[in-house]
Amino acid sequence: MATKTDVSVSSCIDSYGSAIGMPQLCTDWASNQIFWLVVTLVAIFFVLSRLALPRISAVISERQGTITNDLAAAENLKSEAAQAEEAYKKALEDARSEAVKIIETAKVEIKQELDVAIQKADSDISAKAAASEEAIAEIRKDALANVKSVAKDITSELVKVLGGKADAKTLTSVINAKMKG
Amino acid sequence: MASSADAKNEGLVFHPMDQFIVEPLFGAGPVHWYTVTNVTLWMALSVVALILIMVVGTSKRALVPSRAQSIGELAYGFVHKMVEDVAGKDAVPYFPYIMTLFMFIVLSNFLGLLPMSFTTTSHIAVTAVMAMVVFFSVTIIGFAKNGVGFLSLFWISSAPLALRPALALIEIISYFVRPVSHSIRLAGNMMAGHAVIKVFAAFAGVALISPLSVVAITAMYALEVLVSFIQAYVFAILTCVYLKDALHPHH
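Sequence order for the protein chains is G and U. Counting from 1, one number per residue, gives the positions in the first sequence under the numbering used here. Counting from 1001, one number per residue, gives the positions in the second sequence under the numbering used here.
No lab work stands behind these hints, which were simulated from the structure alone. Backbone N, C-alpha and C fix where the C-beta goes; we use that ideal spot for every residue, glycine too. Some clues are possibly wrong.
[What the hints assert, rightly or not] Not everything, but these chain U residues come out facing chain G in the computed CB check (under 7 Å):
hint: 1; residue: I1021
hint: 2; residue: L1050
hint: 3; residue: P1096
hint: 4; residue: V1241
hint: 5; residue: K1244
hint: 6; residue: D1245
[What the hints assert, rightly or not] When the alpha-carbon atoms are kept at most 20 Å apart in a straight line, the in silico SDA-like pairs for lysine to any residue are as follows:
hint: 7; chain 1: U; residue 1: K1081; chain 2: G; residue 2: S61
hint: 8; chain 1: U; residue 1: K1081; chain 2: G; residue 2: I60
hint: 9; chain 1: G; residue 1: K89; chain 2: G; residue 2: K101
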């Protein structure tokens, strides 16, 4: 790396541009290094203390705040969700018991209606049965009367055929007597 | 081509220390205190890197940080935690100063790892100034905060009375050696690694050894990456330790 400088510009560099001994111990350069070091450190200090550090600390604390807030919000949402679940369960329970109640009342109502209907049907049936019996009795009575008249007719015809003459009064009394018999 | 021919003629040429030469950036001539030199260039680059990482990278102030922003936040958190843990809560007002030292050293160390670069922190003139600044400010803070009580740092009350004068002598010597060890540790580490890499690099001129040389340079470079960070960390943490002594001199 011998960058050849024509003149030996420093007591620490030989004529070939190489270091004599340790350049670190060369006092010729110390003032230059110290001057630029001070400039650099002051520059770095101002950049850091005026710009970088306040900004970074603000960002970090802001992030910390956001994280804390988010955690609190999450906690809130969690408890809200738990409440909502509780409410949902309660509503479900209520609906179930409501349904059971409705079924019960419906059963009772149906039973009542059914009883009423059965009773009505029973009474209808017995009324009809009574009417039928009446009709049957009527028919029976009519039948008796018819038998009487048919017997009278047949008897008078028979008497006529046999060459007799039957008067109506005698016929009736005979038939009545026979039928009673 | 010509230079390699030169090298062949001269045999193996080692100039491991040439990388540490301070030279004017524009033209040749004597190096005055105000001359713009390679020192100026690489220190300025460290400021540019600092601005890129800590200012430009964080300019979005994103709640979810980008990569650049997380580097800045990481550096901030790292040093802030170190100051708080090592030097105590009451040392937090000095955090920007320690951050300044740490960022300058770590950035200079890493920039110094670039090929053809100049490592500003490898010079004792640079590290000694920082160490002396730390030494004097810590001593002044110690006396300002504790008055004469600061001297109890050297009077170890937990030791037997007969031993205390001897211990006090040792403590005082170690106190004044602090800036020396503080500065030489950093400069020595940076210089040694870079010089060793240069020596290995010079061996690469011999075809037979060059593969080994390349492997050695790679390994050395990895080590230097580690050392670059660790030395910046050590410098900052020692500053914190000294600051803690100044704030709480009672053992």
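Each hint tested on the structure:
1. A least Cβ separation of about 5 Å between I1021(U) and chain G falls short of the 7 Å threshold, and the interface hint therefore holds.
2. Taken as an interface hint, L1050(U) checks out: its beta carbon lies about 6 Å from the nearest beta carbon of chain G, inside 7 Å.
3. Because the closest C-beta pair between P1096(U) and chain G is about 4 Å apart, less than 7 Å, the hint holds.
4. Violation of the interface hint for V1241(U) is found here, the shortest Cβ-Cβ separation to chain G being roughly 21 Å, above the 7 Å cut-off.
5. Because the closest C-beta pair between K1244(U) and chain G is about 21 Å apart, greater than 7 Å, the hint is violated.
6. Of the supplied interface hints, the one on D1245(U) is violated, with its beta-carbon coming no nearer than about 23 Å to a beta-carbon of chain G, more than 7 Å.
7. At roughly 15 Å between alpha-carbon atoms, K1081(U) and S61(G) fall within 20 Å of each other, so this suggested pair holds.
8. For a cut-off of 20 Å, the pair hint linking K1081(U) to I60(G) stands: about 13 Å separates their Cα positions.
9. Only pairs whose Cα atoms come within 20 Å are accepted, and K89(G) paired with K101(G) is accepted, the gap being roughly 18 Å.
When held up to the earlier numbered hints, the structure conflicts with 4, 5, 6 and fits the remainder.
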